[in-house]
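Undergrad: Please model the entire structure based on the sequences and the hints provided.
The primary structure of each chain is shown beneath.
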Amino acid sequence: MLSRGFTRARQLATRTLDAGLAIVERARAARKHPPRTSRLERFGAILQTVVPRALVFVDRDYARRIPGLVAGEPAIWRGDEPALGEVPLSAPLEAHLQLTNKCTAGCQGCYTGASADGAPNEWGLVEWSRAIDALADAGVFHVALGGGESAVLPWLGELVDHTRRRGIIPNLTTSGLDGLDRLLPIADRFGQINVSLDGLHDTYAAVRGFDGFARADAAIRALRGLKREIGINVVVTRHNFAELDAIFAYATERRLSEVELLRFKPSGRGARAYEALRCTDAQHRAFLPTILAAAKRHAIRVKVDCSYTPMLAHHRPERALLAELAVYGCTGGDFLVGAKPGGQLTACSFAAPPPAIDGDRPKVDALAAYWDAPDAFGAFRRWRAAAEPCASCDYHALCRGGCKVVAAHVSGDLSAPDPECPRVIDHRREAPEAKPRHHLPVI
Amino acid sequence: MRRPFPANMKGESPAPITYTAARPVLTTHTAWRRSAACAYSEGVRRGRILAIKWGMNPNSSSLGVDVTFLLVGATALAAITPVIGAILRWRRPAAPKTG
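Sequences listed follow chains W and Z, in order.
Heads up, the first sequence is in the numbering used here, so the first residue is 440 and it goes up one at a time.
Heads up, the second sequence is in the numbering used here, so the first residue is 1050 and it goes up one at a time.
None of these hints come from the bench; they were simulated from the model.
No residue lacks a Cβ here, since even glycine has one placed at the ideal position from N, Cα and C.
Keep in mind that a hint or two might mislead.
[Claimed, not checked] Listed below are several chain W residues computed to face chain Z (Cβ distance under 8 Å; list not exhaustive):
(1) L494
(2) F496
(3) D500
(4) N672
(5) A765
(6) V766
[As the list claims (entries may be wrong)] Over the 10 Å line for every Cβ pair with chain Z, so calculated as not near, a few chain W residues:
(7) L451
(8) D556
(9) A808
(10) D852
[Claimed, not checked] Listed below are several chain W residues computed to face chain Z (Cβ distance under 7 Å; list not exhaustive):
(11) T488
(12) Y501
(13) I505
(14) H535
(15) H581
(16) V743
(17) D744
(18) C745
(19) L764
(20) F774
TA: What follows is the structure in structure tokens.
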């Protein structure tokens, strides 16, 4: 009992020390390249703080009281004041840029289907810098850089510097399997770096299809030696679900700043591996209690991706609390956008590019022109027109129907309710139309 | 302070946790906050912090949200919100925007 108390106290002390030193690192970086501090929205404004790291959504009255934020009545505030989430934002909060589709790892569930050759017509530094300019002009706060394996790109450091200069905070996901020698010298220029780690030892191999744990672990240790805001991204599958507690323990042992849990998506090579790797319904129902218990036990911050919102709502948390934490389901084409290696704009990284307008698919460097186009991002923005059981769900305004990519893969319809949502599963079990029809309908 | 997730978090194995136990605490607390905020803002129109999205999202495939606050619940969030408000007001003024 005493030793458990001592371990706990040591964990909390270490966590506090690391958090304090991370604040110093962050404040230094912000002094060098001040990030965007605010953006006006129809509901009011979004304000960014560096210490603590947060985006704060405030209404118009509150925004008026922020020194120097508004003068007079801004054009965007003409008309009624909508609630947060009622209308799309004026620009995304963050953009997910798939800088390349080159990667030699060959993971069986890779959501981009990355290969050693990459994608045809991949953009280079000039085009991505132009995209960063467009995102900065639109008011984007953060970019998440990924791939493929973008750490292998020789110009990544230059792009990151440009991103910082434009007031956007660059963050990175890496497998840690390649490009580490290029990444280490520029690691301090990122806001947060997360290494993909889908299990420990044999579980890593079971999920990814090869044994890369030792290399990923070495990359985590090397990055953590240089920077404090290093975390891990864990794609949760039926193979590693039982190991989540051990993964949290690993993250604490390595003194990482966070564990981010991602739902397995049927995209890229992941479409073929989906049935074998996706979590079971029982695992989804147990997800929230399991991760909160692990986060508490190991004193580490836990983040979950937007597609897990139906699994959070299943436990009926206070809606106001979720809203205050900005816990939303599918916000593709609203809070976030994605871009393919050739610059094609998408609602999220898993989604296909939207249909062409005037014969040309929209590109991320022309975001502003597409953002307000009629029916931009199609079904991603039409989430209010939901079928049952979403239409009558108390959490629909937050969850927005769950993950559209999973819905499209399973039912062929982006607008269909998320088929892995516990409420949807229960509804289909109970709804008469879900039962096999024994008689022809009477017309 | 009453915790929304009490004793069942203390065991060795991840015990089942439901929000049912936490709801009375959260509901009462949130209702109090709302009524207090409304009463205060009616006279002076101080406005409200609507939401706080913590941390950053390095994940290049989807939007990550910090759910650690679900452990400590609305009370901790209520305690930290005024601190965030103070930080927003104390920092150097941004360039005025007229839209």
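Undergrad: All hints, please: hold or fail.
TA: Hints versus structure:
{"no.": "1", "hint": "L494", "in the structure": "4 Å, holds"}
{"no.": "2", "hint": "F496", "in the structure": "4 Å, holds"}
{"no.": "3", "hint": "D500", "in the structure": "3 Å, holds"}
{"no.": "4", "hint": "N672", "in the structure": "5 Å, holds"}
{"no.": "5", "hint": "A765", "in the structure": "4 Å, holds"}
{"no.": "6", "hint": "V766", "in the structure": "5 Å, holds"}
{"no.": "7", "hint": "L451", "in the structure": "14 Å, holds"}
{"no.": "8", "hint": "D556", "in the structure": "20 Å, holds"}
{"no.": "9", "hint": "A808", "in the structure": "19 Å, holds"}
{"no.": "10", "hint": "D852", "in the structure": "20 Å, holds"}
{"no.": "11", "hint": "T488", "in the structure": "6 Å, holds"}
{"no.": "12", "hint": "Y501", "in the structure": "3 Å, holds"}
{"no.": "13", "hint": "I505", "in the structure": "6 Å, holds"}
{"no.": "14", "hint": "H535", "in the structure": "5 Å, holds"}
{"no.": "15", "hint": "H581", "in the structure": "6 Å, holds"}
{"no.": "16", "hint": "V743", "in the structure": "6 Å, holds"}
{"no.": "17", "hint": "D744", "in the structure": "4 Å, holds"}
{"no.": "18", "hint": "C745", "in the structure": "4 Å, holds"}
{"no.": "19", "hint": "L764", "in the structure": "6 Å, holds"}
{"no.": "20", "hint": "F774", "in the structure": "6 Å, holds"}
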